[in-house]
Amino acid sequence: MKKLYTILAIITALIAVILAILPLSNLAFIPAIIALVLGYLAFLQIKKENGSKHLVQLSFLLIIIALSLATYKSIFSTTELGNTEQLEKLEKESKKEAIEELEDIEISD
Amino acid sequence: MRPIFFLFLLFISFTIKAQNNAIQAGESLNYNLSYNMSGIMNDVARITMETSEVKTKKSTLLRLKCTAATFSKWDSYFRIRDLYESYVNPNTLTPYLYKREINEGKHYKFVKYNYDYKTKTVKSFIRKKSKNFKSGFWDRNNTIKFNSGTRDIVATIYKLRSLDIHKAPIGSSDHFTVLFDNKESIFTFKLLGKETINTAIGKKECYRLAVEVSDPGVLKGKNANIVWLTADENKMLVYAKFKVAIGNGELKIQSASGLKN
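As they're listed, the protein sequences go chains R and Y. Here the numbering used here is used: the first residue of the first sequence is 1, the next is one more, and so on. Here the numbering used here is used: the first residue of the second sequence is 1, the next is one more, and so on.
Please keep in mind that the hints were generated in silico from the structure rather than gathered at the bench. No experiment lies behind these values; they were computed from the predicted model shown. One thing to keep in mind: the hints can contain errors.
[Said to hold, decoys possible] For lysine to any residue, the following SDA-like pairs were computed, each having C-alpha atoms within a straight-line distance of at most 25 angstroms:
1) Y:Lys58 with R:Lys3
2) Y:Lys118 with Y:Asp82
3) Y:Lys167 with Y:Lys120
4) Y:Lys252 with Y:Asn182
5) Y:Lys65 with R:Lys47
6) Y:Lys120 with Y:Asn42
7) Y:Lys252 with R:Lys47
8) R:Lys92 with Y:Pro216
9) R:Lys47 with R:Leu8
10) Y:Lys118 with Y:Leu83
11) R:Lys95 with Y:Lys241
12) R:Lys96 with Y:Thr121
13) Y:Lys106 with R:Lys47
14) Y:Lys252 with Y:Gly149
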């Protein structure tokens, strides 16, 4: 059980770190919390059996990294538009072409 | 007599007046499009809806332009740069030319409709990217017969705003025939009631309308697709909730300028 909790904690913590790096950083909180619970359960088991704590400590470190990164991104990162230069150019060209096409159209009410 | 009157009230539509009193040239509306990913809403794109006057030799038209662009953080994963345009009669919002140019990741498509009201036909031109042709494009021209009142998607969104919703009883609905990808679909807007909601441009009293589409592949769920239009003369779209085959999301207004009323 101790091994299972530890492995699952490390896997979920790694998923949290990956999500925190991607634009989906808001989603990192879910695996990070799961990893935290699993890591705590693993830690309790290890404490009972006096085992090595290195892997659990590693999972906690990964959780801290994921949570810090996701929190930082959710507070400080602004939603900025990407480069729309090409789109603006397209809009202008499209309008010009449309005027040419509509030149002889007579509208009726 | 009473049941007949009741039935009349039940089926009365919003379409009492066709004139446009809600939209003018120079209007600009900005929205954030959010998409639900594992229960968390993520802002993915900015939607802009703008109107401008277009003068030709013989007439003055209203250009209804909608653009969609993904936020920079999504650009490396899935870049969207879409342009939708409809050139309409400024009074009746009847479309004369529709253009749609979509650039979504590697997917490119260009659609153009030239409406001819004398023959009740639409000259359609569709262009897609294709490696099978020397030009690199697959082109197709078609002539489609259309029913009176058929509009493209952009003109329909704006037409909805020109309706006399304040005269319509709760529960009433109106139908629009929308030409999309050379296919006519029936869009039904049902008035669910009034509601005051908080938006980025302040607290707004709104009409809540449910949207249904005859084509079952477009929108999913009953009353899961709802739009909130301000309950004033502008009937501006401030909030929308949608559910499609690949998930659900929201459209939230960020700013509005150049409003008619």
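Against the structure, the hints come out as follows:
1. Between lysine 58 of chain Y and lysine 3 of chain R the CA atoms are separated by roughly 80 angstroms; this puts the pair beyond 25 angstroms, and the hint is violated.
2. Proposed proximity of lysine 118 of chain Y and aspartate 82 of chain Y is contradicted: the alpha carbons are some 31 angstroms apart, above 25 angstroms.
3. With a CA separation close to 31 angstroms, the supplied pair lysine 167 of chain Y and lysine 120 of chain Y exceeds the 25 angstroms bound.
4. A hinted pair counts as satisfied when its Cα atoms are at most 25 angstroms apart, and lysine 252 of chain Y with asparagine 182 of chain Y does not qualify at roughly 29 angstroms.
5. For the hint pairing lysine 65 of chain Y with lysine 47 of chain R, the CA-to-CA distance comes to about 65 angstroms; that exceeds 25 angstroms, so the pair is violated.
6. The hinted pair formed by lysine 120 of chain Y and asparagine 42 of chain Y fails the criterion: a straight-line CA distance of about 43 angstroms is larger than 25 angstroms.
7. For the given pair, lysine 252 of chain Y sits about 50 angstroms from lysine 47 of chain R by alpha-carbon distance, which is inconsistent with the 25 angstroms threshold.
8. Pair hint lysine 92 of chain R plus proline 216 of chain Y does not hold up; C-alpha atoms about 36 angstroms apart against a cutoff of 25 angstroms.
9. With a C-alpha separation of about 18 angstroms, the suggested pairing of lysine 47 of chain R with leucine 8 of chain R holds against the 25 angstroms cut-off.
10. Taking the CA atoms of lysine 118 of chain Y and leucine 83 of chain Y, the gap is near 28 angstroms; set against the 25 angstroms cutoff, the hint is violated.
11. Proposed proximity of lysine 95 of chain R and lysine 241 of chain Y is contradicted: the alpha carbons are some 31 angstroms apart, above 25 angstroms.
12. Distance hint between lysine 96 of chain R and threonine 121 of chain Y is fulfilled; the C-alpha atoms sit about 24 angstroms from each other, no more than 25 angstroms.
13. Distance check on the hinted pair: lysine 106 of chain Y and lysine 47 of chain R sit about 53 angstroms apart at the alpha-carbon level, beyond 25 angstroms; violated.
14. Among the hinted pairs, lysine 252 of chain Y with glycine 149 of chain Y is inconsistent with the structure: their alpha-carbon atoms are about 29 angstroms apart, more than 25 angstroms.
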